[in-house]
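Trainee: Residue numbers (my numbering), protein chains in the order written: chain H, 1 to 270; chain A, 1 to 270.
Hints should not be assumed to be uniformly reliable.
[As the list claims (entries may be wrong)] Just the calculated beta-carbon pair ranges, DEER-fashion:
id	chain 1	residue 1	chain 2	residue 2	range
1	A	E9	H	K70	52 to 62 Å
2	A	Y257	H	R153	32 to 42 Å
3	H	D246	A	N5	25 to 35 Å
4	H	D246	A	K210	31 to 41 Å
5	A	N36	H	K155	30 to 40 Å
6	H	D246	A	I35	14 to 24 Å
Derived from the structure by calculation, the hints contain no laboratory data.
The beta-carbon is built from N, C-alpha and C at its ideal position, and this holds for glycine as well.
2 protein chains.
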Amino acid sequence: MVGKNPASESYLRIKSRYFSTLCLDSEVIRLPKNINECDLLNTINSLNTNSNVDGILVQLPLPGHIDADKVIESISVEKDVEGLSPGNVHAWAKAIPNLVPATALGVLALLKYYRISLEGKHAVIVGRSMIVGKPVLHLLLKENCTVTICHSRTKQLERHTRQADILIAAVGEAHLIKADMVKKGAIIVDVGVNFLDGKLVGDVDFKALKSKTSYISPVPGGSGPATVSMLAGNLLLAAELQKTGDNKKQKECLRHYYTNYAIVPDTNYC
Amino acid sequence: MVGKNPASESYLRIKSRYFSTLCLDSEVIRLPKNINECDLLNTINSLNTNSNVDGILVQLPLPGHIDADKVIESISVEKDVEGLSPGNVHAWAKAIPNLVPATALGVLALLKYYRISLEGKHAVIVGRSMIVGKPVLHLLLKENCTVTICHSRTKQLERHTRQADILIAAVGEAHLIKADMVKKGAIIVDVGVNFLDGKLVGDVDFKALKSKTSYISPVPGGSGPATVSMLAGNLLLAAELQKTGDNKKQKECLRHYYTNYAIVPDTNYC
């Protein structure tokens, strides 16, 4: 964590609390806002080579003078619990199970937990970020969904969202998805994190849509806890991957095991 | 090239001929079909470290006893003119200009050459391969298209294809796309390579669709030459990237320059 940011502090608190309920050690390294890039890269490098550290997560956003991409890409591929280093992006784009952004895994975890059949469904994703939209797209493709990806420059968004069997909202605009933009019986996972009149709300108008959908995830209490749970899964996977050395077969087994999207059941942490 | 395959031989001939018209040296290394993986990896490694070699392309398919992924991933990221190594996949998934699969670049090159506006258009891709479907998806997203990706498990394919402003067919099934599956005025790029009654044909029923579309690329003579042209562009980019050493700014400039999808105009090679 570099500098201070109230939202980031809150995320870190939730993650640390959940990790401690699972008896996973975590430590927050707080660095000054004016740290130079080289010092930050050195910090990460020392964590990369520290055998007591199994996973590294750089809490975004970083101050403007630091090249965030360079920092994220410096994390060792097998400690990259955010799944954003080149080796991991290559893996999820290719549909090889591996360390995948936890928010994207959380979306799949929710769908799998409620035994929602994905094969052949039309999924519409609103948002094309590297931490949600794009990895969710590849995960859903792997599950044989037909996938449409929309974004801020999409024309007639409602024309696309109305066709969705499964709608993933991950754009960061409070209540963007209204009742008339979704077909009856659709399944919605809301990944949005927005503040409206001081209240945390999602990208979906939950109240208006609740009775129209088959399943809809609330904000807070839906995608958020699933994300934290998947982050813990990523940490366990990262720890085990590092133990296997060069044993490719064992690595493959581990990756398959950890990408069954099982949410740890006792989630009374938030 | 490992072993013999008539289609691969034909691709190699076309590529070699085009490269020689551009005064680019190319050499085909033919290896026996029963070569072991280790020897093939050693061959690639010696090309990786040979400063006279600017680009490496492994002509697929490889014999079944060889792990094709491992071989492709062993190519140095800056000599990987096919754009399939982890570093390059990361780049195209993140919309950073770089070495991108030539067939995917060829699709964009055709659209750009005919000055087809992409912003806000609905593009439908049929096919989810790593060499066409997925990279084209990311290239079109970068151009602010809304993108739907369909594949062999898509239900009611025609429901999706009929909505396409731009349709990219890259599935490898002769004449899969029929006249009633496309709306009037659509733009079609056909990447299919199939043989029907001994004739090379695309995934699109060209004759039936010609009068219905605004633009449609033929097979042969459409995506194929564009691909070879883009491969030459990738080789030039690879050569220049290697000269720049660690100069990040210069690399960025080069990548931007080479990803303007300019087709070399004199394409009388096939």
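Trainee: Decide, hint by hint, whether the structure agrees.
Mentor: Hint check:
no., hint, verdict
1, A/E9 <-> H/K70: 52 to 62 Å, "violated, 43 Å"
2, A/Y257 <-> H/R153: 32 to 42 Å, "violated, 25 Å"
3, H/D246 <-> A/N5: 25 to 35 Å, "holds, 32 Å"
4, H/D246 <-> A/K210: 31 to 41 Å, "violated, 55 Å"
5, A/N36 <-> H/K155: 30 to 40 Å, "violated, 54 Å"
6, H/D246 <-> A/I35: 14 to 24 Å, "holds, 22 Å"
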